[in-house]
Amino acid sequence: MKKTMLAALTMGVFSLHAYAADTVKIALTGPFTGGSAPMGVSMRDGAKLAIDEINRAGGIQVGGQKMKIEVIERDDEAKNERGALIAQELASMNDLAGVIGTVNTGVVLAGDKYFQEKGITKIITPAAGSASMTQWSKAGVKDLSIFRFSADDGIQASMVVEEAINRKLKKVAIIHDSTNYGVSGRDDLLNQIKLQGNKLQVVATEKFNIGDKDMTAQLLKSKVAGAQGILIWGIGPEMAAVSNGMAKLGMKMPLIGGWTLSMSNYIDNAGKNGNGTLMPQTFIEDPITPKARSFIDSYHKAYGVTRIPSPMSAAQGYDAVYVFAAAVKQAKSTDTHKIKEALEDLKEPVKGVIATWKHPYAKWDPANEQTHEAFRRAQVVMGMVQDGRVVFANQADRLRLMKNAGK
Amino acid sequence: MYTLLIVQMAVSGALMGLVYALIAYGFQLTFATSKSINFGQGELVMLSAFFSLTLIDVGLPYWLVVPGGMLFGVALGLFVERAGVRLALEQKSEGWILLTIILGLLGFSAAENIWGRDDRPFPTPIPSDPLHFFGIDVTPLELSVAIGVLTVMSLVELFKRKTLLGKAFEAVSADRDAAQLMGISATRTIQLSYGLSGLVAALAGILVAPITTVGPTMASALILKAFSVAVVAGLDSGFGIVLIGLFLGALESLTSFYLGSGWREAPGLILLILALAVRPNGVFGKASIRKV
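Quick mapping for you: the protein sequence lines, in order, are chains A and B.
Each residue of the first sequence is one higher than the last, beginning at 1 in full-length UniProt numbering.
Each residue of the second sequence is one higher than the last, beginning at 1 in full-length UniProt numbering.
Keep in mind the hints are simulated off the structure, nothing from the lab.
Every residue, glycine too, gets a C-beta built ideally from N, C-alpha and C.
A portion of the hints provided could be inaccurate.
[Unchecked claim] Within a straight-line C-alpha distance of at most 25 angstroms, the following computed SDA-like cross-link-like pairs (lysine to any residue) qualify:
| # | chain 1 | residue 1 | chain 2 | residue 2 |
| --- | --- | --- | --- | --- |
| 1 | A | K272 | B | P127 |
| 2 | A | K66 | A | Q330 |
| 3 | A | K171 | B | G260 |
| 4 | A | K79 | B | G262 |
| 5 | A | K170 | B | Y2 |
| 6 | A | K252 | B | D137 |
| 7 | A | K272 | B | T54 |
| 8 | A | K223 | B | I136 |
[What the hints assert, rightly or not] So the derived label-pair ranges between C-beta atoms look like this:
| # | chain 1 | residue 1 | chain 2 | residue 2 | range |
| --- | --- | --- | --- | --- | --- |
| 9 | B | S220 | A | L85 | 21 to 31 angstroms |
| 10 | A | D22 | B | L224 | 47 to 57 angstroms |
| 11 | B | I136 | A | V183 | 52 to 62 angstroms |
| 12 | B | S109 | A | A302 | 28 to 38 angstroms |
Based on the provided sequences and hints, a complete structural model is requested.
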């Protein structure tokens with residue numbers, strides 16, 4: 001409570017400065033309460049860590065002047081309609097440099113059109129649903145101000161299928177939630193299975209609703225059909241129910257799914273039943289490089305935790321701010337249109353905690369969404385839940401990242 | 001193999017159904033004495049679960065948390081009676097419907113503000129590794145739900161039948177005015193029934209929380225089902241409520257297996273509509289004679 005008061009006060013002080021036009025105004029949006037909160041809060045806190053670092057160093061060099069970053073926070077509560085309202089509100093501000101955030105793909109779909117209409121630069125992170133970007137390519141938009149900074153579901157689904165094949169599974173069940181995110185995840189999985197040579201036979205496709213706690217029916221159907229592993233797409237609490245249900249029914253088989261399996265509310269609610277769960281990760285809370293160590297330490301210290309609720313959301317929020325700041329510096333302006341152009345052609349590499357970002361984006365091409373996607377397969381590793389934490393599933397990845405950092 | 005599967009589904013479902021029955025029993029307790037129902041019963045379940053979780057957080061052992069949570073439930077039940085029901089009953093109005101709903105909503109926002117909106121695990125010393133009975137997997141957690149529900153319901157029934165206070169309870173539910181003429185305080189008895197209904201709500205919350213996790217919305221799905229159970233069984237048969245609870249739980253589970261998981265909620269609603277249309281007093285209910 002004291003913290004929020006303090007935050008409110010600081011915000012008040014900041015907003016006095018707003019008219020002075022000596023700040024770079026960035027909005028952070030996401031669900032800071034509710035089931036998706038671990039992702040939203042981690043993203044926000046990671047981003048604010050970066051912002052604090054930049055401000056403490058005097059701010060961003062914009063042309064001849066150093067400008068501090070001013071933050072506007074909005075909690076969309078993972079609700080599409082709130083997301084749309086927030087997007088309208090932010091899009092109506094005429095001095096906004098850009099927007100970073102949004103966790104839920106549904107919220108992205110409800111709100112981003114307002115940013116695009118006004119040409120406001122937005123970096124989506126950590127929402128991963130494919131539709132967030134394909135909505136623009138399908139519409140044939142010529143000039144896009146929306147960028148993404150997260151491993152999209154396409155990459156993730158391919159890794160999930162790859163992992164299942166590597167584990168010599170032949171028959172799998174797909175279980176997914178009934179939201180936009182879950183359904184598009186299922187389609188990505190089916191598509192990837194086809195692309196990777198139909199080596200997996202899908203013996204059951206089952207869904208569940210947000211809030212469901214009893215997954216016995218879905219799991220028994222999978223079991224009866226002879227599934228050797230479960231591929232899953234959903235968010236934390238319900239996936240924990242799946243994991244607990246598997247333990248109850250004695251289904252000792254791999255559970256592989258989207259990165260959301262690393263959410264703290266999955267890990268906590270599944271407890272020891274979560275051990276061994278596999279999911280793609282862009283960042284693992286393991287201080288393997290000096291940069292990672294300092295990021296993890298400062299996060300723990302700043303927010304009084306011993307475990308980041310969603311480490312990759314935090315790391316992505318952190319890196320996204322640095323990428324954005326680099327674009328502001330290159331644009332020599334706080335004008336959101338100029339920042340967009342700079343983002344599409346970043347000259348200087350940006351040293352982040354996940355990777356060193358060399359030219360992450362290119363000029364938008366509606367035929368190729370990758371132009372506005374920062375992540376490639378190489379930036380993503382397989383993570384595994386072990387005793388309440390996410391660790392590297394493959395030592396090879398860990399060693400590779402350590403080696404890369406040494407270069 | 002296949003029959004075993006059906007039995008497994010039915011058993012898992014039926015054990016959850018007992019939780020519906022326990023919450024429905026809470027409806028029944030207050031309806032018997034006052035012909036009123038606490039529409040915020042779900043929030044009572046949730047608030048008591050959160051309160052118990054807080055007791056665990058401060059380090060109380062589980063075996064003290066259970067009675068602690070139940071006492072909290074009793075207090076909440078009494079509060080609902082005092083703040084929402086008594087005034088309306090005194091004025092012979094149906095105001096308790098809105099008042100209990102409003103109290104429920106208040107409880108919900110209070111929970112969101114005090115404990116946050118996240119679902120949190122509810123630690124329990126009861127192991128979660130499954131036990132096998134004739135090829136069927138049952139977790140000790142599920143068994144604890146069954147044992148807890150049946151024990152508390154039997155105790156309350158015994159109390160109603162064997163003690164003097166319980167007799168007063170029965171008398172008030174049979175005929176409030178006559179009981180009052182005989183010197184039984186209807187107000188006291190209604191208070192008692194709300195206290196007991198808070199107690200069973202709290203127990204339902206504590207028992208089900210390790211399975212469902214604790215969050216502000218944890219009871220919203222349960223409460224609708226409990227309501228169906230109460231109406232289908234009839235609002236005056238404790239035994240009937242257990243049977244219908246078991247039946248609905250098993251039916252839900254089988255429906256979601258055969259028709260798909262999206263249909264899980266359907267049986268409860270269909271049964272509710274059928275009961276209201278065909279047997280408004282419930283399957284086990286007594287048809288009351290209304291003298292005009």
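Against the structure, the hints come out as follows:
1. A C-alpha spacing of about 12 angstroms is found between K272 (chain A) and P127 (chain B), which places the hinted pair at or below 25 angstroms, so the restraint holds.
2. The hinted pair formed by K66 (chain A) and Q330 (chain A) meets the criterion: a straight-line CA distance of about 13 angstroms does not exceed 25 angstroms.
3. Between K171 (chain A) and G260 (chain B) the alpha-carbon distance is near 20 angstroms, which keeps this suggested pair within the 25 angstroms criterion.
4. Proposed proximity of K79 (chain A) and G262 (chain B) is supported: the alpha carbons are some 21 angstroms apart, at most 25 angstroms.
5. For the hint linking K170 (chain A) to Y2 (chain B), the alpha-carbon distance of about 23 angstroms falls within 25 angstroms, and the restraint holds.
6. The hinted pair formed by K252 (chain A) and D137 (chain B) meets the criterion: a straight-line CA distance of about 14 angstroms does not exceed 25 angstroms.
7. Our distance criterion of 25 angstroms between C-alpha atoms is met by K272 (chain A) and T54 (chain B), whose separation comes to about 22 angstroms.
8. Between K223 (chain A) and I136 (chain B) the CA atoms are separated by roughly 14 angstroms; this keeps the pair inside 25 angstroms, and the hint holds.
9. A hinted range of 21 to 31 angstroms for the beta carbons of S220 (chain B) and L85 (chain A) is consistent with their spacing of about 24 angstroms.
10. In this structure the hint that D22 (chain A) and L224 (chain B) lie 47 to 57 angstroms apart at CB holds, the actual value being about 55 angstroms.
11. The hint said 52 to 62 angstroms for the Cβ distance between I136 (chain B) and V183 (chain A), and at roughly 33 angstroms that hint is violated.
12. At roughly 30 angstroms, the beta-carbon separation of S109 (chain B) and A302 (chain A) lies within the given 28 to 38 angstroms, and the hint holds.
Checked against the numbered hints above, the structure breaks only hint 11 and satisfies the rest.
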